[in-house]
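Undergrad: We have chain A already, so just place chain B on it with the hints.
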Amino acid sequence: MTLHLTRRRLIGSLGVGAGGLMLSGCDKVASSSTGQALLGLGEKATYSAQRLISNRAALAQEFSAADMSPVFRTNGNTQPASADYAAHAANNFADWRLAVDGLVANPMSLSLAQIRGLPRRTQITRHDCVEGWSAIGQWTGLPLGMLLKQAKLRRDARYIVFHCADTFGDHPYYESIDLIDAFHPQTILAWGMNGQTLSVGHGAPLRLRVERQLGYKQAKYVMRVEAVATLAGLYGGKGGYWEDNVGYQWYAGI
Amino acid sequence: MMANDAPSEAPPPARGGDIVYRHRIATRVWHWINALSLFVMLMSGLMIFNAHPHLYWGKYGANFDHSWLDITPGHLRVGPLHIPTPGLLGVTPHGGRFVAFPPWATIPAHYNLAGARQWHFAFAWLLVVPGLLYWAWGFASRHFQRDLAPRAAELKPSHLLHDIGQHVRLRFPTGEAARRYNILQKIAYLSVLFVLLPGVVLTGLTMSPAMDAAWPWLPALFGGRPSARSIHFLCAMGFVLFIAVHLLMVVLAGPFNEVRSMLTGRYRLPREKGE
Numbered sequence: 001m002t003l004h005l006t007r008r009r010l011i012g013s014l015g016v017g018a019g020g021l022m023l024s025g026c027d028k029v030a031s032s033s034t035g036q037a038l039l040g041l042g043e044k045a046t047y048s049a050q051r052l053i054s055n056r057a058a059l060a061q062e063f064s065a066a067d068m069s070p071v072f073r074t075n076g077n078t079q080p081a082s083a084d085y086a087a088h089a090a091n092n093f094a095d096w097r098l099a100v101d102g103l104v105a106n107p108m109s110l111s112l113a114q115i116r117g118l119p120r121r122t123q124i125t126r127h128d129c130v131e132g133w134s135a136i137g138q139w140t141g142l143p144l145g146m147l148l149k150q151a152k153l154r155r156d157a158r159y160i161v162f163h164c165a166d167t168f169g170d171h172p173y174y175e176s177i178d179l180i181d182a183f184h185p186q187t188i189l190a191w192g193m194n195g196q197t198l199s200v201g202h203g204a205p206l207r208l209r210v211e212r213q214l215g216y217k218q219a220k221y222v223m224r225v226e227a228v229a230t231l232a233g234l235y236g237g238k239g240g241y242w243e244d245n246v247g248y249q250w251y252a253g254i
Numbered sequence: 255m256m257a258n259d260a261p262s263e264a265p266p267p268a269r270g271g272d273i274v275y276r277h278r279i280a281t282r283v284w285h286w287i288n289a290l291s292l293f294v295m296l297m298s299g300l301m302i303f304n305a306h307p308h309l310y311w312g313k314y315g316a317n318f319d320h321s322w323l324d325i326t327p328g329h330l331r332v333g334p335l336h337i338p339t340p341g342l343l344g345v346t347p348h349g350g351r352f353v354a355f356p357p358w359a360t361i362p363a364h365y366n367l368a369g370a371r372q373w374h375f376a377f378a379w380l381l382v383v384p385g386l387l388y389w390a391w392g393f394a395s396r397h398f399q400r401d402l403a404p405r406a407a408e409l410k411p412s413h414l415l416h417d418i419g420q421h422v423r424l425r426f427p428t429g430e431a432a433r434r435y436n437i438l439q440k441i442a443y444l445s446v447l448f449v450l451l452p453g454v455v456l457t458g459l460t461m462s463p464a465m466d467a468a469w470p471w472l473p474a475l476f477g478g479r480p481s482a483r484s485i486h487f488l489c490a491m492g493f494v495l496f497i498a499v500h501l502l503m504v505v506l507a508g509p510f511n512e513v514r515s516m517l518t519g520r521y522r523l524p525r526e527k528g529e
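Here the protein sequences line up with chains A and B, keeping their order.
Quick note on this note's numbering: the first sequence kicks off at 1 and runs consecutively.
Quick note on this note's numbering: the second sequence kicks off at 255 and runs consecutively.
With the rest of the complex left out, here is chain A (with noise of 0.2 Å):
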């Protein structure tokens, strides 16, 4: 009888104690290089999986104007600092420009009557913060991939990367986004919402809309669309602001 209650308390003082020492490994797990190398396999593993058992062309759910929200949020920079862009904002961006550049045949500067004047497409669609909200609203805007299309992709290009004219502190806002994202039907560079033109909270005079994605993906106040073969050597190398600075994954379809 003695020894069984030994054996108890010897079960159960191992269980707390290795609770506690899982409590305390698991930040030292997540900020030693092989816990990084081991949790980044969770994404790769998502981003092909979800690659392979969804259609490239599958698209985002569409809503009717009954299921918008009342209220769409705006989040992150809702108003850039820069003093260019203060500037074209009081001029309605009548003398900005979007820059199509980086590995294309054809470079591109067109003024937003020019992106107006285009081909368009308007999408009732969900927004979906990272952080675990979402929000209905509808968005009118140039599909990308038409855009990509005058521009003559060259054959190296093998993602898309939007230069946004928003900073954190000293770091450029900038998303990427890979081809199968850049050429969806979905994928728009959208200049209205809800009806109305898109206000400086929400991105003007251009915000990304790459609807397979979360919220971080959606780039606001893009300034230039570059075509590049690999995100490495730009910026922080990883694709993105939230990417290189806080570590969310690239590959934002989860």
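Quick caveat, the hints were computed from the structure, so don't treat them as lab data.
One thing to keep in mind: the hints can contain errors.
Unchecked claim - Lysine to aspartate or glutamate pairs mimicking DMTMM-like chemistry, simulated, CA-CA at most 20 Å apart:
| # | chain 1 | residue 1 | chain 2 | residue 2 |
| --- | --- | --- | --- | --- |
| 1 | A | Lys149 | A | Asp95 |
| 2 | A | Lys44 | A | Asp244 |
| 3 | B | Lys313 | A | Asp67 |
| 4 | B | Lys313 | A | Glu62 |
| 5 | A | Lys152 | A | Asp67 |
| 6 | B | Lys313 | A | Asp95 |
| 7 | B | Lys440 | B | Asp324 |
Unchecked claim - A short list of chain A residues far from chain B (calculated; beta carbon distances all over 12 Å):
| # | residue |
| --- | --- |
| 8 | Ser82 |
| 9 | Ser111 |
| 10 | Ser134 |
| 11 | Gln150 |
As the list claims (entries may be wrong) - Pulled from the structure, derived: some chain A residues nowhere near chain B, Cβ distances all over 10 Å:
| # | residue |
| --- | --- |
| 12 | Ala105 |
| 13 | Gln138 |
| 14 | Arg155 |
| 15 | Arg212 |
| 16 | Gly247 |
Cβ atoms here follow ideal geometry from the backbone N, Cα and C, with glycine treated the same way.
TA: Frame of chain A, contents of chain B only:
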């Protein structure tokens, strides 16, 4: 599978004190994988929740919309219910930022959404892949049909009430009766296998915008991403409840014998009082 490997196949009458082979290797391995993966999934999930400690029903849900659950500093609201939770929920750790669930309950310990998502999505594979394999094994080996499927007599209200009464009085089955799962165990394990696990995985997938595009039946099934997020949270709380009762039962039923049975498969049948 050998005949003596199967717990409920015409056993010779057993008595309290006998050692019987109770858990097969697939069950034991899966149990300990889950002990690890659920632990990480729950704690990293609570940190992900911390990024937006509000829950909604419907197709959209953000700060200006009507929520059914909020955690604010020292305060939990569930529908019309206001519950003060000072020091427990809605705390600001020394030198950290406000969190709904406190550092002892989350992975990573301090606010880190990106880190929590890495843990959550890496360990999700450890929950889902072995889970699917165990499902396949459970049906193929007939473990589910033979050992977990309730018999009609067990589901009679009188039987259920009797078993609940016995459990409340902490009188657990002994001898031959302890060889088989009782109806409350069956209901608990079936709920985990066929309600909580599929529920938590499917609602988890529904929060992925790429999965919603690939499988539009997912958001349709749960009534929208915010609803799926709410059900995901409720399933997680279901796991917490299951684990709490499970651990309590292990302690009450004799932790040495119970843990040994989950390590070696061998279980000593409890004796009657005075046997």
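Undergrad: Evaluate each hint against the coordinates.
TA: Cross-check of the supplied hints:
For the given pair, A/Lys149 sits about 25 Å from A/Asp95 by alpha-carbon distance, which is inconsistent with the 20 Å threshold. For the proposed pair A/Lys44 and A/Asp244, the alpha carbon gap of about 17 Å is at most 20 Å, so the pair holds. At roughly 7 Å between alpha-carbon atoms, B/Lys313 and A/Asp67 fall within 20 Å of each other, so this suggested pair holds. Under the criterion of a C-alpha separation no larger than 20 Å, the hint pairing B/Lys313 with A/Glu62 is consistent with the structure, at around 12 Å.
For the suggested pair A/Lys152 and A/Asp67, the alpha carbons sit about 38 Å apart, so the restraint of at most 20 Å is broken. As the CA atoms of B/Lys313 and A/Asp95 are separated by approximately 39 Å, the hinted pair breaks the 20 Å bound. Proposed proximity of B/Lys440 and B/Asp324 is contradicted: the alpha carbons are some 34 Å apart, above 20 Å. Its beta-carbon lying about 27 Å from the closest one in chain B, A/Ser82 satisfies the requirement of being farther than 12 Å from that chain.
No beta-carbon of chain B comes within 12 Å of the beta-carbon of A/Ser111; the shortest separation is about 32 Å. The Cβ of A/Ser134 sits about 5 Å from the closest Cβ of chain B, inside the 12 Å cut-off, so the non-interface label is violated. For A/Gln150, the non-interface assignment is confirmed: its Cβ lies about 26 Å from the closest Cβ of chain B, beyond the 12 Å cut-off. Against chain B, the non-interface label of A/Ala105 holds: every CB pair exceeds 10 Å, the least being about 31 Å.
The claim that A/Gln138 lies off the interface holds: its Cβ sits roughly 13 Å from the closest Cβ of chain B, which is beyond the 10 Å cut-off. The Cβ of A/Arg155 lies farther than 10 Å from every Cβ of chain B, with a closest approach of about 27 Å, so its non-interface assignment holds. Here A/Arg212 does not stay apart from chain B, with its beta-carbon only about 5 Å from theirs, under the 10 Å limit. For A/Gly247, the condition that its CB be more than 10 Å from all CB atoms of chain B is violated, with the nearest at approximately 4 Å.
Consistency note: the structure conflicts with the earlier hints numbered 1, 5, 6, 7, 10, 15 and 16.
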